[in-house]
Amino acid sequence: MKGFKCGVEIHQRLDTGKLFCNCYANPSKEDAEAGFKFARRLRATAGELGAIDRAAVFQAALGKTYNYDAPLEESCLVECDDEPPHGLNAEAMEQALAVAKALKMTLVDEVQVMRKTVVDGSAVGGFQRTSLVAVGGSLADVGIQTLCLEEESSAITPEGYRLDRLGIPLLEIATAPEIRDGGHCREFCEALGLLLRSACRVQRGIGSIRQDVNISIEGGSRIEIKGVQDLKALPELVNNEVERQQALVKLKGTKIKASPVGDWSGLFAKSPCKILAGKKVYGFTADCPGLLKTQMHEGKTLGNELAGYARASGAKGVIHSDEELSKYCLQDFPKKGFWMVCAGNAKALEAVRARLLQVGEGVPEETRRADGGKTDYLRPLPGGARMYPETDVPPVALTAALVAGVKQGKSFEERVSGYEKMGLGRDLAVKVARSEKAALFESLAKAAEPKIVAAFLTEKMVELRRKGVAVDEIGENELRELFKLYKGGFLTKAGLEAALEAVVGVPPKEFKRALEEKGFKKLDAKQVKALARGFKGSFAEFMAENRLRVDPAEARRAFQKKAD
Amino acid sequence: MAYEGEAAVKLNKACAGEGDRVRVAKGSAVFEGILLPRTDAGGGECLVVKLDNGYNVGIGAKGAGVEKLAAKKTVLEKFASKRMTPMKGLPEVALVATGGTIASRVDYATGGVKMVLTPEELFAAVPELEGVAAISSVSTPFTIASEDMTPREWAKIATEVGKQLNAGATGAIVTHGTDTLAYTAAALSFMLRGSKPVAVVGAQRSPDRASFDGAMNLVCGAHYAKSNYGEVAVVMHGTPSDDYCYAHRGTKVRKMHSSRRDAFRSVNDKPLAKIWPDGKIEGTNAKARKRVDGSVMVDAGFEEKTALVKLYPGAPAEQLDWLTDKGYKGVVIEAYGLGHTPTQTFEKNKSWLKAVGRCAEEGAVVAVATQCLYGRTNPFVYVNLRLMGAQGVTYCGDMLPETAFVKLGWLLAKFKDPAKVREELLKDYAGELNPRLTEEDFV
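Taken in sequence, the protein lines are chains A and B.
Note that the working numbering has the first sequence beginning at 1031, numbered continuously upward.
Note that the working numbering has the second sequence beginning at 506, numbered continuously upward.
Chain B on its own, in the form it takes in the complex:
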């Protein structure tokens, strides 16, 4: 946001611009310092000056005298950057940067944080990364907040990671915003057909903070990327302390807290490993897939006419009708408990039976996952499960709803026959189905 009204007039008159040293006099007070850009958060007529003591203050332009002082223009937003020199003898790891908090810092336009950090600037914040792995390639296919991402971006990331892994990288790190990081991790788990480690890492605190959590996530992610694991994992803080990270299987992980560092949790599975920043790795899941060096096939298709619908009491079945009418080929219903859906409601039109039946008849695949997240669905225990089962739905077992959505879209791009897709949905591709849940697999 630019300065407006009286502020703009006075700045123009004084030939003063952002980064100039100015003197703003108001009443008996004089404020001298560097003129900062206006942020959206305040009124456009308030001049923001960084005083010599470091404080920023807002001074209303009304009644203020503005004078430009003869001083050199200060360059704002100049941050240290570091080019990584791959150290000889260290395994080569590729880095694919996509944006997110891990690449963010202050934005003067909005006053909030924005993704503007280049990978080189990020390296300057985590210089120790150089001693962990030889970052052989750095690519930025796009820079976007994870909430703005669509399945098209998953394909781009998968293609880039596959390219680097096939070019000889031992493993890869993908930096990503945390909001939809788990979706991308699931997508990469299905789209990269091979057995090399890929660490998807993010940050809950931006690198402009001394308490930047992404530094440890990156370092641990690099350790994972050069390890003997052979699957896609989310590598993030394991506890609120900066002690170790967990590598969570890409298909069994979910962001479970809006702001904590240890927001990511494995659901219906154990994390693959605990990773300390000094390189120590402790395996925590006996079923972790091991690395198999060789080529990685990229199978990055995704049927965009796939939807994820959440049930809630009174949810209108018309939303499913709308998807059917729009030609959707797959729908995951995030249902209750064991996979329960409304089938015997007092008001007939509140039942989902008819809409699901119609959707399936039109050739779409309707899958059901549980919004409990923990535990698995069951097609038989209650009558409504059987009633809905008779309409042709597929119960997704212990698959997370988000993973079921990603998998369904991916399968629909691979197979044209809905029956085949239903069959493949229940085949384990990337550890997304855990046939044995124990007492330990719950919060």
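Here chain A stands alone, though its shape is the one from the complex:
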């Protein structure tokens, strides 16, 4: 592909406290309770060089009021923009440094916290705090340009935004435009995702990692596609964007004249079209019949493309003469030539008209939203003018001592081979390294044989959860106590697995007593021998009856003796 340039930005949530306050939230794990509700308006402000960012102007011009829900357990006055930020979370910075080292990046000497203007309401203060930590580096065959530590935005809800997510530390890693195609893009994102999960403490689950893709082609422009969550969609997404830009490049030079947007309500007063009848309807005409049928890529026309501009301005959509009008009962509409209408929102139609008149200029720089393999217009591409120093937080010096104190994050392969050295087979090692239990495994590995711990965490607990056992109530301390009892000979291997179910809700100190009461205590050789002697059935029957408290090897020996 001539002139194809593609880079990605990966956003990964860290599993530490929030970046600028003392809250913790992991919204992918649990549903937040409804909290304190409030509403704010945002205005466009100038950057430190005096310019107002075009994306900020666009959003502020919408004049929206944003509704917020601040869950009291997972957000505080800092998220509500009602208290200045606390100092930058050192634990989150450590994670960023570990990743920067793993990616062989050059650290800056002093991290300056910036405000990135975001006036779509997703940040209550009107900006996201972000800081550039490292530059340069690589992973496999792709160069890494920057690593930033920034705040996560709020979660979108039907009413507005919820603030549990706001402020969770996020690593933003941007690559050089060295992605070759959609398939390569997917491969790279998978590799970087694995590295992040291995090299630092990350949150898991839906939304905890997101990809933004930047694409341009020769004659096109840089397009930022935000919020790709499904890596499988990447190849289609990249191909579609290339085709979209190619189609728009072909339209370069098209000259279009359009009438001003006018009030067309009268034409639809008694219209059979339910969407428009009796409503305030705005419309315009243009000298480009048929143009909006131009295909951008499979499943998307220029008409669909333009409608995205109306949606971004708050309208549900537009209706135009290049569509199949019978679906709106407008087949008898008297206007000839090209026309377009929009119900109730003149501003949205103005935005579409302005974009239509731009068709001859090629591909405008845009931020688009990913929806599977397709994209939709979101807002103009922001520029550097949206960055402003965060005056409430002093710069953080990355001193030699601080940097030396942070261990380089392990790569996925390093982690897997470490597990293999601990006695895990390759498959189990990979399984643990990929799972969100990796950190827990490392912490508990020495509590019993690593192989047993690994299998217990990745297989047994999953199986028990499926059975409906409340395994999530079993934390690290509980597991450590169980493994201790197993290693100390109090539990058999079968007993260990069954004991988990038996101790849900019991404090670790009470485990021994509770398990003894429930008959889990492992029998010693003498007791097994006595039990076997009096048993009337086969070995298998004996084990079926006593498996939780009898070690199979011990029982076999006792049966052997009995037979002798």
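None of these hints come from the bench; they were simulated from the model.
Since the structure is predicted, the reported quantities are computational estimates derived from the model, not experimental observations.
Each hint can be trusted.
Each pair of labels, with its calculated beta carbon distance range: (1) A/1503 - B/886: 52 to 58 Å; (2) B/673 - A/1334: 57 to 63 Å; (3) A/1210 - B/572: 31 to 37 Å; (4) B/645 - A/1305: 52 to 58 Å; (5) B/530 - A/1211: 29 to 35 Å; (6) A/1249 - B/530: 31 to 37 Å; (7) B/558 - A/1394: 19 to 25 Å; (8) A/1447 - B/572: 40 to 46 Å; (9) A/1394 - B/572: 32 to 38 Å.
Heads up, simulated DSS-like pairs for lysine-lysine below, C-alpha to C-alpha not over 27 Å straight-line: (10) A/1497 - A/1523; (11) B/587 - A/1146; (12) A/1330 - A/1377; (13) B/785 - A/1067; (14) A/1556 - A/1514; (15) A/1300 - A/1365; (16) B/531 - A/1437; (17) A/1067 - B/779; (18) A/1437 - B/567; (19) A/1094 - B/587; (20) A/1517 - A/1481; (21) A/1282 - A/1377; (22) B/531 - A/1131; (23) B/785 - A/1094; (24) B/567 - A/1131; (25) A/1330 - A/1035; (26) B/775 - A/1067; (27) B/921 - B/831; (28) A/1287 - A/1366; (29) A/1134 - B/531; (30) A/1134 - B/567; (31) B/587 - A/1377; (32) B/815 - B/932; (33) A/1556 - A/1591; (34) A/1094 - B/779.
Non-contacting residues of chain A with respect to chain B, defined by C-beta distances greater than 12 Å in every case (computed): (35) 1128; (36) 1170; (37) 1208; (38) 1295; (39) 1297; (40) 1455.
A virtual CB, placed ideally from N, CA and C, is assigned to each residue, including glycine.
Model the placement of chain B on the given structure of chain A, informed by the hints.
Relative to chain A, chain B alone:
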């Protein structure tokens, strides 16, 4: 703070200064962008560069190569400004700007926020103000943080506001830092003898933020300034939302939170009104004074030898002795509960009786307000109240300690006779005394 040491040497050598486009190479990394001024917050040897992607980064000068690129010098700190064109038909409102967060934005010297915004720059951040009132005059008697203000500045503000109101303005807006905004509001309530609306407004978030709360405060303040109210009020956010403001009576208001937008609360009184940015005003206090057009007399005297002293367990009475020795003419003691002060302590020298008695004997007026803030003092309920009363103290009822301080200083400048001052202290001048407190008048 300027660049120092190796950073300064390298910049000099490269003939590079703040605002120039520079290239800083260190190891394998190259940083290209605009050189920013050094802030106090970091080390002076770290070069701060604004990269093309908008990020600022600090690069240690040690081991770095600095090169000035042939590019036009960028002008830093240039902000949009707007001159207000008074719209015909709108009431004329005067604006007196004094500084504070509402006039602040980033300061490169300290890395914090500084009061550098001119009123014109502020208008650019709140263009809708033009459609609310005709800002007929804009004056900036001084620009200062409210924590740096003294009673002398209250007099300057009162004089300026009085001048504008007498020149025909329907009302006035005073922009002010929030920390001592309530003190100034109380001072203006006493010093401006007339019945025209004066809105004192501030901001808890600076105008360089999209979430600038001062915009709504200013707009609502303008609505108040052209309304039919006739007193000084603090007009600030009523809730954490950008929905409406409260106009709080200038003598009954206090900053009750260090950072929230709705930090200001009426104490021992109801707010005068709820004001929405679209101009809707709902009266919330039946005793609000109405506008009376006519001249406003400015009575801006203040006895500087007036003090406010807070009691705490074990507080030495010597601090009062010190004030007496220094010739203080009035002291407000911020006492406990109903106005309780230490009178019967185990250790005799911890009692304040003697020191208060001496202070009063020397001719000073000693007043007592409650640090509970809510509720009123009482001279009789407990014996220590009576003991202290016998020393000549005046219990200030439900007056806020800060208001009592302002009022005492103002009265001491008006009347030379301490007995007269004590008498006037308990007369209501500007709604500072509320004779009826109800169940509703508490948080």
